[in-house]
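*Asks:* Below, each chain spelled out in residue letters.
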Amino acid sequence: MSINKRFLLISRSAPYGTSAAREMLDIALTCSVFEQPVTLLLLGDAVLQLIRDHRPDEVSQKNLNALQASLAMYDIDRILIPETALQKHGLSTDQLSIPIELINAEQLPALIAEHDIVITI
Amino acid sequence: MPYIEVQGVLHELDSDGYLVDAAAWTLDVAQAIATQESITLTPEHYEVLDVLRQFYQVYEHSPAMRPLCKAVSLALGPDKGKSIYLMQLFPGSPAKRAARIAGLPRPDNCL
Amino acid sequence: MPTLHTLNRGPSHASCLEECLSTMANDDTLLLIEDGVYWALPSHISVLNDVSHIRALKADVLARGLHQLSGTELVDDDGFVGLCTQHDRVVSWF
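Residue numbers (this note's numbering), protein chains in the order written: chain F, -18 to 102; chain L, 16 to 126; chain Z, 236 to 329.
Isolated chain F, as found in the complex (with noise of 0.2 Å):
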């Protein structure tokens, strides 16, 4: 693949009550086949997607953890989230299911300048 575009993929919602989050994750495999280097930032309610332990067949869903534990095997190291989001919903890092990295909520314009395609789900 010869053209590589840097891409932010910009997740929004909370799990399982659109299809938003299961899109963003689709999203960001898809880039990875393509060999497109992605980064994945977790805005307001999307936090909510990394809460452990989801048990989505009580709502007859896939499991989005599942989903988010193999974003390390397609070579999505970088997940962000704004130390505000974790705050917003009293969670902390040591509660969520992947390893993720804070971020100032400051560093956001520069985040996305910093990305040629953004992509908000």
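It should be emphasised that the hints constitute simulated quantities derived from the structure, not laboratory data. Virtual Cβ for every residue (Gly too), placed ideally from N, Cα, C. Treat each hint with caution, since some may be false.
Stated by the list, open to error - Simulated pairs of lysine-lysine, DSSO-like, Cα-Cα distance not exceeding 30 Å: (1) F/Lys(-14) - L/Lys97; (2) F/Lys43 - F/Lys69; (3) L/Lys85 - F/Lys43; (4) L/Lys85 - L/Lys95; (5) L/Lys85 - L/Lys97; (6) L/Lys85 - F/Lys(-14).
As the list claims (entries may be wrong) - One-sided and incomplete, this derived list gives chain F residues near chain Z with beta-carbon spacing under 7 Å: (7) Leu24; (8) Gly25; (9) Pro80; (10) Ile93; (11) Ala94; (12) Val99; (13) Thr101.
With chain F's structure known, arrange chains L and Z on it following the hints.
*Replies:* Here is chains L and Z on its own, set in the frame of chain F:
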């Protein structure tokens, strides 16, 4: 619905020819599907199928080529995690053909 | 390397605007479209005080009867396309 017959038992396949019930998979089923794929299974094939089935158990989907290579590399060593090695075992599209023989669904994100 | 942000949610979806604003740099442009144009009403516009470049899509403004909006520059479809080409990337908030 297509079926594959293994020792007198009919196993349902999906429209792409993949086993519908991953739990119904046995080595005999693998053999039967491999025969359809014109692949003769060797111990080298079986260890890759094993890695694939473990991947599916943990991540709940069939891997595309890139994570398949990574998983094989982690489990069986970097030499076997190279795509050329997997191409020799499962010519054409290793992620798809190996998933089929391993009794898993078709990989979603496969080129 | 400025970014064009489009926002199509109105004041009942405050978190959408909040998330949009949190990612905006000083030289970025905010284009209000669809229900997003309600943020340009005098009663709401103060939340956009920190945004230096604000535009609203003319058709959406007129369609909603907001003929008296002052202070917000309106753009038509050609203007929308122009904004897209003048920025390095477009981020859609919805």
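*Asks:* Are F/Leu24 and chain Z close enough, Cβ to Cβ, to be under 7 Å, as the hint says?
*Replies:* holds (5 Å)
*Asks:* Interface hint check: F/Thr101, Cβ to nearest Cβ on chain Z, cutoff 7 Å. Holds or violated?
*Replies:* holds (6 Å)
*Asks:* When you check the alpha-carbon spacing of F/Lys43 and F/Lys69, does it fall within 30 Å?
*Replies:* holds (27 Å)
*Asks:* Within 30 Å, alpha carbon to alpha carbon, are L/Lys85 and L/Lys97?
*Replies:* holds (8 Å)
*Asks:* Interface hint check: F/Gly25, Cβ to nearest Cβ on chain Z, cutoff 7 Å. Holds or violated?
*Replies:* With Cβ-Cβ at 6 Å, under 7 Å, it holds.
*Asks:* Hey, L/Lys85 versus F/Lys(-14), does the alpha-carbon distance stay inside 30 Å?
*Replies:* holds (23 Å)
*Asks:* For L/Lys85 and L/Lys95, compute the direct alpha-carbon distance and say whether it is at most 30 Å.
*Replies:* Holds, at about 10 Å.
*Asks:* Regarding the hint that F/Ala94 lies at the interface with chain Z, is the smallest CB-CB distance below 7 Å?
*Replies:* At about 5 Å, which falls below the 7 Å cut-off, the nearest Cβ of chain Z leaves the hint on F/Ala94 intact, so it holds.
*Asks:* Can the hint on F/Ile93 be confirmed by a CB-to-CB distance to chain Z that is less than 7 Å?
*Replies:* Holds. Min distance 5 Å.
*Asks:* Hold the hint about F/Pro80 up to the distance rule: shortest CB distance to chain Z must be less than 7 Å.
*Replies:* violated (23 Å)
*Asks:* Holds or violated: are the alpha carbons of F/Lys(-14) and L/Lys97 at most 30 Å from each other?
*Replies:* With Cα atoms ~25 Å apart, F/Lys(-14) and L/Lys97 stay inside 30 Å; holds.
*Asks:* Minimum Cβ distance from F/Val99 to chain Z below 7 Å?
*Replies:* holds (5 Å)
Of the hints listed earlier, the one the structure fails to meet is number 9.
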